[in-house]
Amino acid sequence: MEQLKKYFLFDERKTNFRTEFIAGATTFLSMMYIVIVNPTVFSAGGMSFGGVYIATIIATVTGTLIMGALANYPIAIAPGLGINAYLVFTVMISQGVSWQQALGAAAVASGIFTVLSLTSFREVFINSIPLSLKKSIAAGIGLFVALIGFRSGHIVIASSATMISLGDLKDPMLVLTVVGLIITMILIVLKITGGIFIGMTITAVISLMLGYWKIPESIFSMPGGFDKTFMQLSFDGMPSLAMIIFTILLVTLFDTAGTMLGVGQQAGLIRDNKFPNLKSALLADSIGSLVGAFAGTGPTSSFVESGTGVSAGGRTGFASVVTAFLFLMLLFLQPIAAAISAIPAVTAPALILTGCFMVADVANIDWQDYTEAFPAFLTIMPMTYSITNGVGIGMITYVLLKLASGQFKQVHPLLAVMSVLFLIQMLY
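Going by the working numbering, 1643 is the number at position 341 of the sequence shown; the sequence numbering is gapless.
Worth flagging that the hints you see were computed from the coordinates, not collected in a lab.
Predicted model, so just to flag it, every value in this text is computed and none were measured.
Fair warning: there could be bad hints in the mix.
What the hints assert, rightly or not - Calculated lysine-lysine pairs in the BS3-like style (CA-CA distance at most 25 Å, straight line):
| no. | residue 1 | residue 2 |
| --- | --- | --- |
| 1 | K1308 | K1516 |
| 2 | K1472 | K1516 |
| 3 | K1581 | K1307 |
Please put together the full structure from these sequences, using the hints given.
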């Protein structure tokens, strides 16, 4: 126990074993919904729910353990809902890329992320993108994820007259989605730990009472289906997926850095605007993503829900170690997770509210400066059902407007190069 205290710096960070354990458990409860929602999303792309379920846990445990044991931060890592919704609904479904190739693209992006994490170029890369575009990329993914949630929950449906329309208010699934959404919002407003997961559970119980699903014969079982996703990724045609790889890299890098800075600030671990062990923290995410791609899921990200653990007193990586081991225990709950995922109304509220959280960053965009506002707006709008298009259009517009207004010095050379590459890709 004494060695544990020394390794995780309990005394320096004024914490103890009991506090860190509670913090780790709190973070786990706040984000365990991902083991149901993430496999559900990938199932829409033709992947095995069971395989992705196991891959989600493996990626989460790997990234979170590294974050805890090496970086010593109370930050949990898991497959990011926003970037993985993009991977499934834009890359796989809309663009027709096979899920094997999509995972290959995610692996390549994760490999590049790992290399960047080991070099000082990561700072150059992050600093080359203006704040307005960083925030708008996150917000664009948020709207995209929310739209997917509205569709899966039958709240919006296709319309030949207006493209999309409000669903049938007599549709039981729509009603159940709205009920679940209201319950989950109330839980979050009341600051109930694990509000999203509890909301999903209550919605599942209501659907059980109404006869929309049945409890599986066995709640516990040995993990199954992993052979359908493990090492099934393909690297064929990677050059043609260059912009998709770039988008994955861009989003995961900003998402991770932003969340780590926010949670680190909350925990009081950042001093003089410096983030100790940044290299190890970024490696935790990049390696988690790499392992996840080979196991059968998309990129990982630092989870903002880690803030609930910090609020419970978590100050060291031991909290993350606790979170990782609790996720490992979920391997044997696959049957109940699969049964719950079969009801769209259970997972739709989680998607919708995740989108809401991601859109909040638009408040930090300078809407009075139109050279910042117009590119940000074009980046956010998910009209083409593609985050890649939004990122490209936003970058190109940003460079053009800065050039036209005589502010070209504000454009980082790397951003100018990326804009040209996006333009070439869109034209040809």
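Okay, the hints, checked on the actual structure:
This hinted pair does not check out: K1308 and K1516 have alpha carbons roughly 49 Å apart, beyond 25 Å. Proximity of K1472 to K1516 is assessed by CA-CA distance (about 22 Å); at most 25 Å being required, the pair is judged to hold. A distance of roughly 23 Å separates the Cα atoms of K1581 and K1307; the hinted pair therefore holds under the 25 Å criterion.
This entry does not satisfy hint 1, going by the numbered hints stated previously; all others are met.
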